[in-house]
Every structure is written in C-alpha cells, then in structure tokens.
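Undergrad: Here is what each chain is made of, one letter per residue.
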Amino acid sequence: MMSPKARREFGNFLFVAPYLCVFLWLLIWPLISGMGLSLFKADLFGGASFVGFENYSRLLQDPVFLQAVGNTFYFVALTVPALAIIPLFLALMLNRATRTAAFFRGVFFSSSVLSVTIVTLIWRMVLMSDGGFVANIIGFFGFDPIPFLSDPNLVMISMSIITVWWCLGLPMMLYLSALQQVPQDIYEAAALDNTPWWKQLTHITLPAISRTVVLVVIMQCVLQFQLFGQPQLITQGGPNGASRPIVLFIFEVGFRRWDIGYAAAASQILFAIILMVTLAQYFVASRREGRGR
Amino acid sequence: MNRVSAIDIRNVTKAYGPTLVLDDISLKAEANEFIAFLGPSGCGKSTLLRMIAGLETLDAGEIHIGGRRIDEREPGARGVAMVFQHYALYPHMTIRDNMGFGLKNIRMNKAEIDRRVAEAARILEIEPFLDKKPGQLSGGQKQRVAIGRAIVKNPDIFLFDEPLSNLDAALRMRTRLELAQLRRRLNATMILVTHDQVEAMTLADRIVVMHDKKIQQVGAPMDIYARPANRFVASFVGSPPMNFLPVSVSEGANGAVATLGDGSKVTTRVKGLTDSASWELGLRPEHVRVSDQGLAAKVEFVERLGERTLVYARLGDGTALTAEDEGLSRVKMGDTIYLKVDGDAAHLFDADGKGYHTPEVG
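One line per chain: the protein sequences are A and B, in this order. The opening residue of the first sequence carries number 1 in this note's numbering; numbering runs sequentially from there. The opening residue of the second sequence carries number 1 in this note's numbering; numbering runs sequentially from there.
Rather than coming from a laboratory, the hints here were simulated on the basis of the structure. In this text, all values refer to a predicted model and were calculated from it rather than measured experimentally. Mixed in with the good hints there might be a few duds.
Calculated lysine to any residue pairs in the SDA-like style (CA-CA distance at most 20 Å, straight line) [unchecked claim]:
#1 B:Lys-271 <-> B:Ala-253
#2 B:Lys-133 <-> A:Trp-197
#3 B:Lys-213 <-> B:Tyr-16
#4 B:Lys-271 <-> B:His-357
#5 B:Lys-104 <-> A:Asn-194
#6 B:Lys-110 <-> A:Pro-196
#7 B:Lys-104 <-> A:Trp-198
#8 B:Lys-104 <-> A:Pro-196
#9 B:Lys-132 <-> A:Ile-186
#10 A:Lys-199 <-> B:Glu-286
#11 A:Lys-199 <-> B:Tyr-16
#12 B:Lys-104 <-> A:Ile-186
#13 B:Lys-265 <-> B:Ser-250
#14 B:Lys-332 <-> B:Lys-271
#15 B:Lys-298 <-> B:Val-331
#16 B:Lys-28 <-> B:Ala-253
#17 B:Lys-214 <-> B:Pro-18
#18 B:Lys-133 <-> A:Arg-287
#19 B:Lys-104 <-> A:Arg-287
Ranges between beta-carbon positions, derived for each pair [as the list claims (entries may be wrong)]:
#20 B:Asp-114 <-> A:Tyr-282: 53 to 63 Å
#21 A:Val-113 <-> B:His-64: 46 to 56 Å
#22 B:His-64 <-> A:Trp-198: 25 to 35 Å
#23 A:Pro-81 <-> B:Arg-115: 38 to 48 Å
#24 A:Gln-180 <-> B:Ser-26: 33 to 43 Å
#25 A:Trp-198 <-> B:Glu-303: 56 to 66 Å
#26 B:Asn-32 <-> A:Tyr-282: 48 to 58 Å
#27 A:Trp-197 <-> B:Arg-69: 39 to 49 Å
#28 A:Leu-14 <-> B:Met-333: 49 to 59 Å
Note that CB positions come from ideal geometry on N, CA and C, so glycine has one too.
Isolated chain A (complex conformation):
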C-alpha cells in the first residue's frame, strides 16, 4: 500500500505526465541522440561509423563553420541590443490610454504576426538594388543604388534591420505589460521630487522593469542565435558566405551534403553557445538583483 503522501505525489505526477512524455520524447531524446549522433560519421541512408570527437575537431578547423559562427555573433550583437532598446522606447511612448497609442501599439505589433516568408518577400522588394524601393528613392535623387544584399559588409546589417522590424512587437508588449505594473503614485512622488525625465527613466522605470529587460535580452539571444529563415530565403547565405549563420550551415551540411554527424556536432556547439550566453546573463542579472536587495 502507498502512504497517503506517496499517493498524493503520484496523483500530482499523473497530471504532469502527459507533458513530461512529450517533453522527453520531442526535446530531451533528440538532444541526447543528437549528442550521440555528433560522435558518428553518418549520412541520411543509415551508414554510421563511430569517429569520437573528430567531427568537433573538423568543425573548429572548418573556415566555413568559423565564418558562420562569426556571422552569427555579429548578427546577435547587432540585433539583441536593438531589440532590447527600441521596443523599450516604443513602450514608454505608447504606455498611455489614448486611441492613438492603441493604434500604434497595433501597428508596431502587426509585423510580428507575419511569417518569415512574407517578411523576406517584403524586404527583398525594399532592399533589392535592382528596382527596389530604397534604390528607386535614392535613384530619384541621382545616387547609385546601395547593394544592401550583395555587399558582404552590408548584408548582415540588412538582415539585422529586417529582423528588428519583424521581431520588435513582442518585446514591446512585454515592456508595456511591465510598465503597467509600476504603481502610478511612484511617478507622482517623483514629479513632486522634481525628477527630470531621464532620471525618472534610470532611477524609477528601469529598476522597476529590470526583470523584463533581462527576460527580453535572454529571449532575444536565444531567438537570434537561431537566425535561419531570413538569409536562407533572401541570400542563401551569400555573398561568399557573408550572411550564413550557424543554423544555415547546419541545414546545408545536414540536408544538402547529408553529413548528419557533422551537422549534429555543429548543432551541439550552437546549443552550448546559447546555453552559456543565457546562463551568463541569468547569473549576472540575479547577482545584481541579490546585491540590490
């Protein structure tokens, strides 16, 4: 016979069991089998031979992979700060109960509901050097078109602009909901305390929503390290690999060259990078909070 406590715990377990099964089957199992797979030289037809860490050592000497890692970090460095800061200012401006603010909240959020296919289609038409929207405008003033998508120095910046445009809706909404939690009377006290607007931002608003800032930064890091659709659909990683991120590298190796073991090893490295960056941010943020207490 089970004790009442054990029975209660077993009952609790039953409630989470369905999700746990799906979680283990679709997330943990692929993760572990991916780790296993990365130690094999394998292709899609089932032939696999154990090679130990050879895939990893090959990766670390593969200039295409290293370029993809560099591209990815560059992209994250361009997009994450922008996606942490621009939505914050949008939220600060739109955090009021007017119709205009509600309208613009809708406008800025609307891009988030589009699929990557539509986003890239729109932006290709905007940025194309041959008859694109921007090219037409600057052509009207007599300038040569800017090769946004074919200049290796510009292509990642273009990807970042596209991504920020696409992704800023959700962080803005998160900031808005955080801002609405801040008690209004604190701002009133600040007004009576002669607080200038920037000091109100740095001394009252930002400390009050710091958890949300951390959440947005971690979430955007996780998302933007997995950049894939935009370069895949617009440039296929070109020119010269200048817009190839890690996930596109994994896709090409795995599903074009069918080198599954090698792709799995690259996936593990990406997983490790995201995990480390996330944990680092989490620890920094929680330590600061601990000190603030």
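Guided by the hints, dock chain B onto chain A, whose structure is given.
TA: Just chain B now, kept in the frame of chain A:
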C-alpha cells in the same frame, strides 16, 4: 522655523469628461493651520488635494500659496510635499536615498541633504532603517519614511492623502497621536484628506466637510459637531449618526416646539426658523437617554461598548431612534423603555436640509 504661508483656493472647478467632481470650490487656510478635508469617498476631496499638489489640472479657478499663484507650476515647484496613501516610496532605493532624492534633484549640496535626512530620521525614529529598502519595512515604518521624505523638503504646505488608512487600528491611533505631535513640532501648514471623522476631529484646527462636489461646511471640529450646517454634515459627522425624526414645529416661549408623529412634544431652544414645508428634529444619541419616563420605545438591538451602551429602538409611530445608556445598562432586546430627550441640544432641519441650532451663549 518654517516659512509661513497660507493657501487660497479660488473658484476651482474640475470635471472628468461629463462628470463634474468639484464645483466652484473656494477655501482659505491660514499659515500653520491644520485643515482636514472630510467626506465620503468620491466627494472630490482627494482630487482637490491632488490639484494643490499639481497632480491634477484645474478646469477653472486658481490656487495661491503664500500669495503666489501656483496652479500653473510644475508639482515640484509649488513648495508642497505630499504623503501618499500607499506611501509611494521608491522600491529600489534605500530609505536614505528615498528621503534625499528630491533634494538631490534640486542640486542641494550633499552635506545639507545628509543633515536634513539625519534630522528627519531622528524626529521620526527611523534611524535604524536608513540603509534598508522599503520592502524590508513594515507599513508603519514605511509611513514614517513617507513623512520623512516630506519633512526634509521643508515645504510650505504638507499634504496628507489618507495617510492612516493603510494601518491597522492600534497603529493608526498611535500614528494619529504622533502626527499631532509632529504638527506641533514642525509648525507648518498641513492639509489632511480623510474619510475618518475621528482623524479629522482629533487632528485638524478646521474641518472642511465635502460632499456632492461642494464644500458643505468649514469650521472648527466642535463647531461642525455641535452646529452642523446641514443634514448631510449632521449625519456624516458623529458616530453613531444623529437621529432624524419628522416633526411639525410651532413657536414656543424659549424656542421652537417640535411635535413628533405620536403627538409627544420636544421643547427646543432653536430660534429664528424660516418657513419650510417640513421639518426634521435632529438628536445626537448622547442627547437621548434611557430613563423612567418620556418617549415610549421598543428596543430592537443593544450594543454594549463598555463605557456606554447604544440602544437601537423604535417609537410608537415606527420612527427608528438611537439612544444612549450607561455602560452597565440592563436594557434588553424586546424591552419597552422610556427615552428622555435633551431638547436644549436638539437641532432642526428644514425641507432643504439647512440646520437650525440653539443660539450660542455669549
């Protein structure tokens, strides 16, 4: 110690959309006066306070402090400090920084800020908490910090928005006393918003009773209690509230004689009545005593408060009446009792609710 300044509110009106909340309010306060805005919730008392602070705009009218018009100035430039109902402390700053924040913002030198914070902390006995954060403090301690943040500014006027409403009963009573002592020490003009008549009665020099967008009466606490201007003030101030009995009125030798529904008469000393379609006799419970003779009434409910007993009774004609008896009263529910009415202390209210009272002696 403080610069003294009076406040002068002139014809202030405020509406939220189509809803009028303050209708042509005018009020003056003298320097060092403690004024309480008293009224039920929604009477506009907090709105008026927030207008003085600059947290609400005026639709019409002017507000002057110390002879200067301030209603168009920024909240921080009005020479007022406010203590909020929910304290409104900055949660991420230490108590010291909370108190000094406003002074830093006006670039006061650090030594002076430290001196003022230390002085306020000493007065309020919050020195041990100066390096803690608001989240680590109890409600009463936060309240002191909020008051401290106001004191360090050395303002012309202190504004208190229901400062005691978040405290439990025992702490509220203690804080009320401390507020009274603080007031004596600071010698500044103070305005308190409250819906609690005990707070208003005990703290204020003058009470401004507000109801229905307007000021109903302005006066010293005992004046408001003893000579309520109208039926609303009479019913709102005093606990339990005044009894109102429909009567017919005739002229007597020393004042009006009120005839109750059952024909019994109460001789009052109220004089100078004007014509009115109907009259109500106003009697505070302490002026209706349980006795051996007088008005016959049936007891419906008895509340024993210790030092006195409240008897809720009904007269023969069905009029409800609250009377007082001594603490050790033997009156029980269902008893028939006799009530002795002190006609000298009775009030009369005409059909419009205007109050008439016994003329003041001297």
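Undergrad: Hint by hint, note whether the structure agrees.
TA: A quick look at each hint next to the structure:
At roughly 10 Å between alpha-carbon atoms, Lys-271 of chain B and Ala-253 of chain B fall within 20 Å of each other, so this suggested pair holds. Among the hinted pairs, Lys-133 of chain B with Trp-197 of chain A is inconsistent with the structure: their alpha-carbon atoms are about 23 Å apart, more than 20 Å. For the given pair, Lys-213 of chain B sits about 12 Å from Tyr-16 of chain B by alpha-carbon distance, which is consistent with the 20 Å threshold. Note on Lys-271 of chain B and His-357 of chain B: the hinted pairing holds, with a Cα-Cα distance of about 7 Å set against a maximum of 20 Å.
Distance hint between Lys-104 of chain B and Asn-194 of chain A is fulfilled; the C-alpha atoms sit about 9 Å from each other, no more than 20 Å. Between Lys-110 of chain B and Pro-196 of chain A the CA atoms are separated by roughly 19 Å; this keeps the pair inside 20 Å, and the hint holds. Only pairs whose Cα atoms come within 20 Å are accepted, and Lys-104 of chain B paired with Trp-198 of chain A is accepted, the gap being roughly 14 Å. Restraint check: the Cα-Cα separation between Lys-104 of chain B and Pro-196 of chain A comes to about 11 Å, which is no more than 20 Å; the hinted pair holds.
With a C-alpha separation of about 18 Å, the suggested pair Lys-132 of chain B and Ile-186 of chain A falls inside the 20 Å cut-off, and the hint holds. With a C-alpha separation of about 57 Å, the suggested pair Lys-199 of chain A and Glu-286 of chain B falls outside the 20 Å cut-off, and the hint is violated. Under the criterion of a C-alpha separation no larger than 20 Å, the hint pairing Lys-199 of chain A with Tyr-16 of chain B is inconsistent with the structure, at around 30 Å. A threshold of 20 Å between alpha carbons decides the hint, and for Lys-104 of chain B with Ile-186 of chain A the separation of about 17 Å falls inside it, so the pair holds.
Restraint check: the Cα-Cα separation between Lys-265 of chain B and Ser-250 of chain B comes to about 10 Å, which is no more than 20 Å; the hinted pair holds. Our distance criterion of 20 Å between C-alpha atoms is broken by Lys-332 of chain B and Lys-271 of chain B, whose separation comes to about 37 Å. For the proposed pair Lys-298 of chain B and Val-331 of chain B, the alpha carbon gap of about 10 Å is at most 20 Å, so the pair holds. A threshold of 20 Å between alpha carbons decides the hint, and for Lys-28 of chain B with Ala-253 of chain B the separation of about 40 Å lies outside it, so the pair is violated.
A distance of roughly 17 Å separates the Cα atoms of Lys-214 of chain B and Pro-18 of chain B; the hinted pair therefore holds under the 20 Å criterion. Distance check on the hinted pair: Lys-133 of chain B and Arg-287 of chain A sit about 17 Å apart at the alpha-carbon level, within 20 Å; holds. For the hint linking Lys-104 of chain B to Arg-287 of chain A, the alpha-carbon distance of about 28 Å lies beyond 20 Å, and the restraint is violated. A hinted range of 53 to 63 Å for the beta carbons of Asp-114 of chain B and Tyr-282 of chain A is inconsistent with their spacing of about 37 Å.
At about 54 Å, the CB distance of Val-113 of chain A to His-64 of chain B agrees with the hint of 46 to 56 Å. Distance hint check for His-64 of chain B and Trp-198 of chain A: the Cβ-Cβ separation is about 32 Å, which falls inside the suggested range of 25 to 35 Å. At about 42 Å, the CB distance of Pro-81 of chain A to Arg-115 of chain B agrees with the hint of 38 to 48 Å. Restraint check, Gln-180 of chain A to Ser-26 of chain B: a C-beta distance of roughly 37 Å satisfies the suggested window 33 to 43 Å.
Distance hint for Trp-198 of chain A and Glu-303 of chain B: a CB-CB separation of about 58 Å, consistent with the stated range 56 to 66 Å. Look at Asn-32 of chain B against Tyr-282 of chain A: about 56 Å separates their beta carbons, and that is inside 48 to 58 Å. Checked against the hint of 39 to 49 Å, the C-beta distance between Trp-197 of chain A and Arg-69 of chain B comes to roughly 25 Å, which is inconsistent with it. The beta-carbon spacing between Leu-14 of chain A and Met-333 of chain B, approximately 57 Å, falls within the hinted interval of 49 to 59 Å.
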